[in-house]
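Single-letter residue listing:
2 protein chains.
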Amino acid sequence: MPILPEPVQNLINAFERLPGVGPKSASRLTFFLLRAPEDASKNLADALNALQSSIAFCERCFNITMAGNQFCEICSSEERDESQVCVVEEPLDVLALERTGGFNGHYHVLHGALSPIEGIGPDDLKIKPLVERVRGGAIKELIVATNPSMEGDATALYIKQQLKPFSVRLTRLARGLPVGGDLEYADQNTLLRALAGRQELD
Amino acid sequence: MPILPEPVQNLINAFERLPGVGPKSASRLTFFLLRAPEDASKNLADALNALQSSIAFCERCFNITMAGNQFCEICSSEERDESQVCVVEEPLDVLALERTGGFNGHYHVLHGALSPIEGIGPDDLKIKPLVERVRGGAIKELIVATNPSMEGDATALYIKQQLKPFSVRLTRLARGLPVGGDLEYADQNTLLRALAGRQELD
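The listed protein sequences derive, respectively, from chains A and B.
No gaps in the numbering here: position 161 of the first sequence is 161 in my numbering, and each next residue is one more.
No gaps in the numbering here: position 151 of the second sequence is 151 in my numbering, and each next residue is one more.
These are computed hints drawn from the structure, not numbers from a lab.
Heads up, a few of these hints could be off.
Identical chains share a label here; the pair holds if one copy fits it or two copies do between them.
For lysine-lysine, the following BS3-like pairs were computed, each having C-alpha atoms within a straight-line distance of at most 27 Å [claimed, not checked]:
hint: 1; residue 1: K24; residue 2: K126
hint: 2; residue 1: K160; residue 2: K140
hint: 3; residue 1: K164; residue 2: K42
hint: 4; residue 1: K42; residue 2: K128
hint: 5; residue 1: K24; residue 2: K42
hint: 6; residue 1: K160; residue 2: K128
From just these sequences and the hints, can you work out the full model?
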């Protein structure tokens, strides 16, 4: 005998497929929505339906944008510096960098990182369009902000090789201790990087 | 300038309204769905839409059931013991008890617990229908399985007072150390309860 009515079990299953949502959280979310005002689940359903139909990718930087727009808001803006481009793995990374307020250039979203184990090669990423953008000549500095992981480092290295023919400055985000972090909890690699990248006290 | 297209921000906002989902998880879920196959968000949206329209509450025990059914599957089952009724706060508690496989009676879902602070009184809970069920005479034991919290205890006490006129056995779930737990991490109240409720070693 199934304990739960089918629609309830279906919603629990759908929630469980999301990353970071286990069976217990999935039931808790479902039973919350059962007791919440009806528009709580309707709002979520509408937002989900609107997502895929109204979203497209910018033709220049491959960040997300409204369907129908050729370029994203950052690429369309006249206030941003076209000569600096920050290369990131995911649209979520653009969001993180924008929140800092410390970057006023353009972006290039690769949509992943090289990963032989997962079968992700250069052609699965937006690397060729990046090379074309650099070939255009307007870019002076490329900040390769792929993740500080094996895959992110491999991707940065591959991009460096592809861009050898061009006179563009290539930089990578600094590695070191996270601000507010505790030295004793830092892992060995982070500490080594923090030592190697030490700066003058001024 | 808004950083995110409106539909993306809407979905992040809708996720953030769920319990236990913060701003970071909400963006992670949204960007996961952006990259996931289209049917992932469609499945979730459909399950959400089906939830409210196809769910009703059992007229006897107030557990959830399919719309159109008068009674839930447990109340309709002929294999379950009608003389034992377990009183719980939420439908989710029924699920937890059913998963143990250790209870073969019926349930009564109160839909909350008494809480003067939140303004929840006896009339906001399904206590009157419970008294009516007991008055019916078929129930021999009532296991009051409200949460082991201030509110759950107050609710249990209130139910006890309401059922004084009836000769029904009232029990409460045992308090003590959780199985697999560590004695040194148990809080003072739990330890006191575990001491008071100690049992013969056999």
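Comparing the hints with the structure gives:
1. When the C-alpha separation of K24 and K126 is checked against a cutoff of 27 Å, the pair qualifies only between copies, where the shortest distance is 25 Å, while the shortest distance within a copy is 38 Å.
2. With identical chains, the CA atoms of K160 and K140 are at most 27 Å apart within one copy only, with a shortest distance of 14 Å there and 78 Å across copies.
3. In this assembly of identical chains, K164 and K42 lie within 27 Å of each other by CA distance neither inside one copy nor across copies; the values are 52 Å within and 44 Å between.
4. In this assembly of identical chains, K42 and K128 lie within 27 Å of each other by CA distance neither inside one copy nor across copies; the values are 41 Å within and 32 Å between.
5. In the homo-oligomer, the alpha carbons of K24 and K42 lie at most 27 Å apart both inside one protomer (22 Å) and across protomers (22 Å), since each shortest distance falls under that limit.
6. For a Cα distance limit of 27 Å, the shortest separation of K160 from K128 inside one copy, 13 Å, qualifies, whereas the shortest one across copies, 73 Å, does not.
Checked against the numbered hints given earlier, the structure breaks hints 3, 4 and satisfies all the rest.
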